[in-house]
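Respectively, the protein sequence lines represent chains A and B.
Sequential numbering of the first sequence, starting at 1, is according to our numbering.
Sequential numbering of the second sequence, starting at 264, is according to our numbering.
It should be emphasised that the hints constitute simulated quantities derived from the structure, not laboratory data.
For clarity, every value in this text was computed on a predicted model and none was experimentally measured.
C-beta atoms are modelled at their ideal positions from N, C-alpha and C, and glycine is treated no differently.
Some hints could be false.
[As the list claims (entries may be wrong)] Computed beta-carbon distance windows for the label pairs:
(1) ASP377(B) - ARG152(A): 39 to 47 Å
(2) ILE27(A) - ASN469(B): 52 to 60 Å
(3) GLU378(B) - PRO242(A): 31 to 39 Å
(4) ASN469(B) - GLY25(A): 21 to 29 Å
(5) ALA119(A) - GLN433(B): 24 to 32 Å
(6) GLU357(B) - HIS90(A): 25 to 33 Å
(7) ALA250(A) - GLU357(B): 38 to 46 Å
(8) ASN14(A) - SER405(B): 41 to 49 Å
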Amino acid sequence: MLTKRLIVCLDVRNRKVTKGVKFKGNIDIGDPVEMGAQYSADGVDELVFYDITASAENRPCDMEMIRQIAKRVFIPFAVGGGIRNLDDMHEALLAGAEKVSVNSLAVLHPEIIADGAKAFGRQCVVLGMDAKFVGVSDKFKSGYEVYIRGGRQAMGIDAVEWAKKAEDLGVGEICLNAIDTDGVRNGYELNITDQVARAVQVPVIASGGAGTPAHIVDLFRKTSADAALVASMVHFGDYTVPGIKKEMLAAGIPVRKKMNGEV
Amino acid sequence: MSANPIIVVDYNAGNLTSVMNALAHIGADAKSSRDADEIAKATRLIFPGVGAAASAMETLTRTGIGDAIKAVVKAGNPVLGICIGCQIILEESEEDGGVKTLGLIPGRAVRFKDEPGLKIPHMGWNQVNFTREHPIMKGIRSGSDFYYVHSYHPVVPAEYAFAETTYGTQTFQGLIGKDNLIASQFHQEKSGDVGLAMLKNFCDWNV
Chain A
1 MLTKRLIVCL
11 DVRNRKVTKG
21 VKFKGNIDIG
31 DPVEMGAQYS
41 ADGVDELVFY
51 DITASAENRP
61 CDMEMIRQIA
71 KRVFIPFAVG
81 GGIRNLDDMH
91 EALLAGAEKV
101 SVNSLAVLHP
111 EIIADGAKAF
121 GRQCVVLGMD
131 AKFVGVSDKF
141 KSGYEVYIRG
151 GRQAMGIDAV
161 EWAKKAEDLG
171 VGEICLNAID
181 TDGVRNGYEL
191 NITDQVARAV
201 QVPVIASGGA
211 GTPAHIVDLF
221 RKTSADAALV
231 ASMVHFGDYT
241 VPGIKKEMLA
251 AGIPVRKKMN
261 GEV
Chain B
264 MSANPIIVVD
274 YNAGNLTSVM
284 NALAHIGADA
294 KSSRDADEIA
304 KATRLIFPGV
314 GAAASAMETL
324 TRTGIGDAIK
334 AVVKAGNPVL
344 GICIGCQIIL
354 EESEEDGGVK
364 TLGLIPGRAV
374 RFKDEPGLKI
384 PHMGWNQVNF
394 TREHPIMKGI
404 RSGSDFYYVH
414 SYHPVVPAEY
424 AFAETTYGTQ
434 TFQGLIGKDN
444 LIASQFHQEK
454 SGDVGLAMLK
464 NFCDWNV
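Isolated chain A (complex conformation):
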């Protein structure tokens, strides 16, 4: 049986892992390569590295960092931030990333999804999507609006409609980040997560809000999400990857085990 994935997200700024609350007030935590290797050894199922200042600085994500990570991490990992075109995508994949995540670029230039899927296979293209609750209306049938540029710019697009369109264009996976719950550690935004997961056939990763293992169990019990993304709850040492997986297992959620048969 396909297991439910636990993914750790590392936001990177100046080659340091950093974490903010609701996309603001960041503090530095550690070295991305070392942290990635450690999480991998701990049995995390996948990693995501976001170069959070690349877009603003109009440069691609830190390719040298990706090469260093690929030498230490032998599980799938995705990279995002600063991807401007097909060449940037190609370089990131050659550097050793399994998947490349596009967010603002895909909203502004949706053809990057189709071009990337055609060139590298749809499994390589992840849509990162930031959604904010705005209330259900004719324009926003899901009640959630798509934002870009790190949550700073509203796009007037309904979140579920955008997910469906991205799937049609060829995206291989959708990482749905709820702006309202990001870094708040009070649980995932189950409403929009389930709406998106039911609207598309591709896997959906829930992001934003995990604070305890119970939030992750809740996510898999109440929604059709395929993966749970965590950051703060493990970065600050409150919980460990094996600890979270033990609680998932105890709740009857299929999880991947390490070579020794333990989570």
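Got chain A; can you put chain B on it based on the hints?
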């Protein structure tokens, strides 16, 4: 580098970097090559790959690498296929309306059947249940989780199957082989400690 490094076939397949990194990590002496003559002389060969069967076959035929792989298999040296490398060794693939492939093991690559709620590609960690013993399984527990990303899977006669995985209601052959040839549909290079252990076993395999 020794006189006989493991040769890893380079034909612009996406996972070459990952395979080379994994081999370096386990201390294997490996070299990537796109030279058909060099590949044909390999004493141990890894044939990775992601992507579509048709474009992979087109490259292998045009460059002569397809014949080079056949030569290594015929010489009796250990050969490992990964992902597309596990499909290309069959006789044909259903992908892209049907593609004739290398024919090193009888069988074909077929697409997962649509099922309500079943997402294709099959992507993520799934259990690999051993159906027969093989030296590359040394120290690895049957039912271990490996990382898969694929829409097509091999279908071979039972005598060539070594392990199975179930996705939805469909059980498919995740590890196939014949004599000195072994191939996994899953990605050993991305399967954490258990994947590295299997790669190491391949490096140590004396046919």
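* Structure-inconsistent hints, enumerated in ascending order -> 4
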